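Q: Both chains are given apart, each in its own frame, so use the hints to dock them into the complex.
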Amino acid sequence: MDSNHYDGALPPAGAGTRAGGSVPSTAKILISGGFGVGKTTLVGVISEIRPLRTEEPMSDRSVGVDDTRGVRAKTTTTVAMDFGRISFPSQLVLYLFGTPGQERFWFMWDELSVGAIGAVVMADTQRVADCFAAIDYFEHNGIPFIIAVNCFDGAPRFSPDDIRIALCLGPEIPIVLCDARVRDSVKHVLVSLVRYVMSGHRRRNQISMA
Amino acid sequence: MTGHDGYGDRWFDREAGPVVRPYAVTSGRTLPSGGASFGLIDVVVATSERQPQFLRLGPEHRRILSLCRRPTPIVDLTSEIDLPLGVVRVLLGDLTSEGMVRVLPTQKQPMTDERLLRMVLDGLESL
Numbered sequence: 001m002d003s004n005h006y007d008g009a010l011p012p013a014g015a016g017t018r019a020g021g022s023v024p025s026t027a028k029i030l031i032s033g034g035f036g037v038g039k040t041t042l043v044g045v046i047s048e049i050r051p052l053r054t055e056e057p058m059s060d061r062s063v064g065v066d067d068t069r070g071v072r073a074k075t076t077t078t079v080a081m082d083f084g085r086i087s088f089p090s091q092l093v094l095y096l097f098g099t100p101g102q103e104r105f106w107f108m109w110d111e112l113s114v115g116a117i118g119a120v121v122m123a124d125t126q127r128v129a130d131c132f133a134a135i136d137y138f139e140h141n142g143i144p145f146i147i148a149v150n151c152f153d154g155a156p157r158f159s160p161d162d163i164r165i166a167l168c169l170g171p172e173i174p175i176v177l178c179d180a181r182v183r184d185s186v187k188h189v190l191v192s193l194v195r196y197v198m199s200g201h202r203r204r205n206q207i208s209m210a
Numbered sequence: 001m002t003g004h005d006g007y008g009d010r011w012f013d014r015e016a017g018p019v020v021r022p023y024a025v026t027s028g029r030t031l032p033s034g035g036a037s038f039g040l041i042d043v044v045v046a047t048s049e050r051q052p053q054f055l056r057l058g059p060e061h062r063r064i065l066s067l068c069r070r071p072t073p074i075v076d077l078t079s080e081i082d083l084p085l086g087v088v089r090v091l092l093g094d095l096t097s098e099g100m101v102r103v104l105p106t107q108k109q110p111m112t113d114e115r116l117l118r119m120v121l122d123g124l125e126s127l
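Each protein sequence line maps, in turn, to chains E and R. Using our numbering, the first residue of the first sequence is number 1, and each one after it goes up by one. Using our numbering, the first residue of the second sequence is number 1, and each one after it goes up by one.
Looking at chain R on its own, in the form it has when it is part of the complex (with noise of 0.2 Å):
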């Protein structure tokens, strides 16, 4: 045991992260610019190189910028760049408000697309 596995430490260890920090890149923003709602598993592509009109890119939305060059679901975006995954919406509001990324969603209602059962069916049945 150390002194970090103490009751009051529990939510502020280096494993659970800053406590208020994360927002402080969102200039304490915690809702996407409008009212966008991105799914855990969309996927956000980079659509062009064009500089931004309004928005002063901090380098979390540079490396957001950088990793979704490749398409890449929302979910792994926020486990990679290791920001909750409320300022990574925040962040991404501000690069599709630009127009730099887009946001691919995915069906919201239970999911009903056969030709994906079907993907993910095979993919199982292969493993």
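Just chain E, with the same shape it has in the complex (with noise of 0.2 Å):
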């Protein structure tokens, strides 16, 4: 039952700091999609951008699959990434992480989905299939998403039917069209992901009291 899990991010009461401040309440959500459709330019419309290093191991499937000539030596990668932070007045930090685009990075996919609210999926109309292997990623972890179709100037645009049944989505999936570079639609977005995981979260509990 829910009453046995940590609260989220809050902390017990009287959480002891040494020097005070108050503990933020953290929540993360994943922006996926292709190489080149937009993930960096959303998420920087909407947050402060930051750093992040990362080092792991390579993994052997990359092997054969990515170019490693002048690392060969090396069974560690650095992953240079950034992640974007919106700080709320109400101790509140939202972080926003782009997935990696190429497969030798997927061991991140689960560090950066473990807790996350749920995913937004962009989608270039032009290169529909970029996005597969995201859906099939988080629909396979069970993961809430979205998909956020990145409308871009002169891109033909489809109605939002003929993109579901491109992606082969079903009917509660929303898909939302935006303008990565307009930082209203992309808080429409996140929006929209946000109502989307709690209209989830009770449907499913209506199911379960049934």
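Mixed in with the good hints there might be a few duds.
Unchecked claim - EDC-like, lysine to aspartate or glutamate: derived pairs with alpha carbons at most 20 Å apart: (1) R:Lys108 to E:Glu111; (2) E:Lys187 to R:Glu125; (3) R:Lys108 to E:Glu139; (4) R:Lys108 to E:Asp110; (5) E:Lys187 to E:Asp124; (6) E:Lys187 to R:Asp122; (7) E:Lys187 to E:Glu48.
Said to hold, decoys possible - Derived, one-sided and incomplete: chain E residues facing chain R with beta-carbon distance under 7 Å: (8) Ala27; (9) Leu92; (10) Leu94; (11) Lys187.
Treat the hints as calculated values from the structure; they're not laboratory data. Predicted, not measured: the structure shown is a model, and the values here were computed from it. Think of the CB as a built atom: it goes at the ideal place given N, C-alpha and C, for glycine as much as any other residue.
A: Below, the structure written as structure tokens:
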């Protein structure tokens, strides 16, 4: 039951800190999609961008897949990535993590998706197939996601229904048209995701109570 | 274009950071002591002024302690001290086993905390 869970990121009452300062609540959302679809633009338009370095073992899977010339002697690889950070007056910090594109960084996806609210899968109607891998991953791991179709200037616009068919998505998954360069548009995308996640929990609770 | 854009330098330039050296500050250890697992957005708080019993504090330990006098999420801590996440986790393992910091865990399952979701929604809508 949920009552056994630690309550989100909120500290236990009276958590002692050496020099005071209240403990922030933290949450994260993943921003996913194919290379060049606008993930970085979307994150940058609504949050403060910060750098993060990770250094992780290179998996055997990458052998023969990635070009590792010049790094052959190495068994770890440095992954430099950015993340977005939005601080709210309510002591809440929301993090936006873009999922790295290349297959050899799949290990990071597990790390990033643990405890995430959900994911925004960005799609480009000219290269719809680029987001299949992300959709598969989130479906497989039970992570709620919505589709944000980044409407570039001049990009052909399709109706959400066409996109739903192209992506083989069920009717419940929201598809939002957006412009990753426009803050209000990105805000709408994130709000849509959180609302979808909240409605999903309510649905599941009703089913389990029935 | 500069010489640093050459293909072979791709992972070795200044932006990528040093390749081997980071784990020197952990004496080569790549996993936190005690098998602790720290999530990216878990919050670290310094707990006491006491001296460590077994640990010899390095400068990186001290930087972490100093930064998390104010409760600080691990991802911000890592970004701030500019060491790889794996290194920061090892150092945090040292400090937690000495009781000098506490790491407050966040929910590891898909996030279902209604109160937190509501906070996020309200926050986003007020942007």
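Q: Now look at each hint and say whether the structure bears it out.
A: Cross-check of the supplied hints:
| no. | hint | result |
| --- | --- | --- |
| 1 | R:Lys108 to E:Glu111 | 10 Å, holds |
| 2 | E:Lys187 to R:Glu125 | 7 Å, holds |
| 3 | R:Lys108 to E:Glu139 | 17 Å, holds |
| 4 | R:Lys108 to E:Asp110 | 11 Å, holds |
| 5 | E:Lys187 to E:Asp124 | 19 Å, holds |
| 6 | E:Lys187 to R:Asp122 | 12 Å, holds |
| 7 | E:Lys187 to E:Glu48 | 14 Å, holds |
| 8 | Ala27 | 5 Å, holds |
| 9 | Leu92 | 5 Å, holds |
| 10 | Leu94 | 6 Å, holds |
| 11 | Lys187 | 5 Å, holds |
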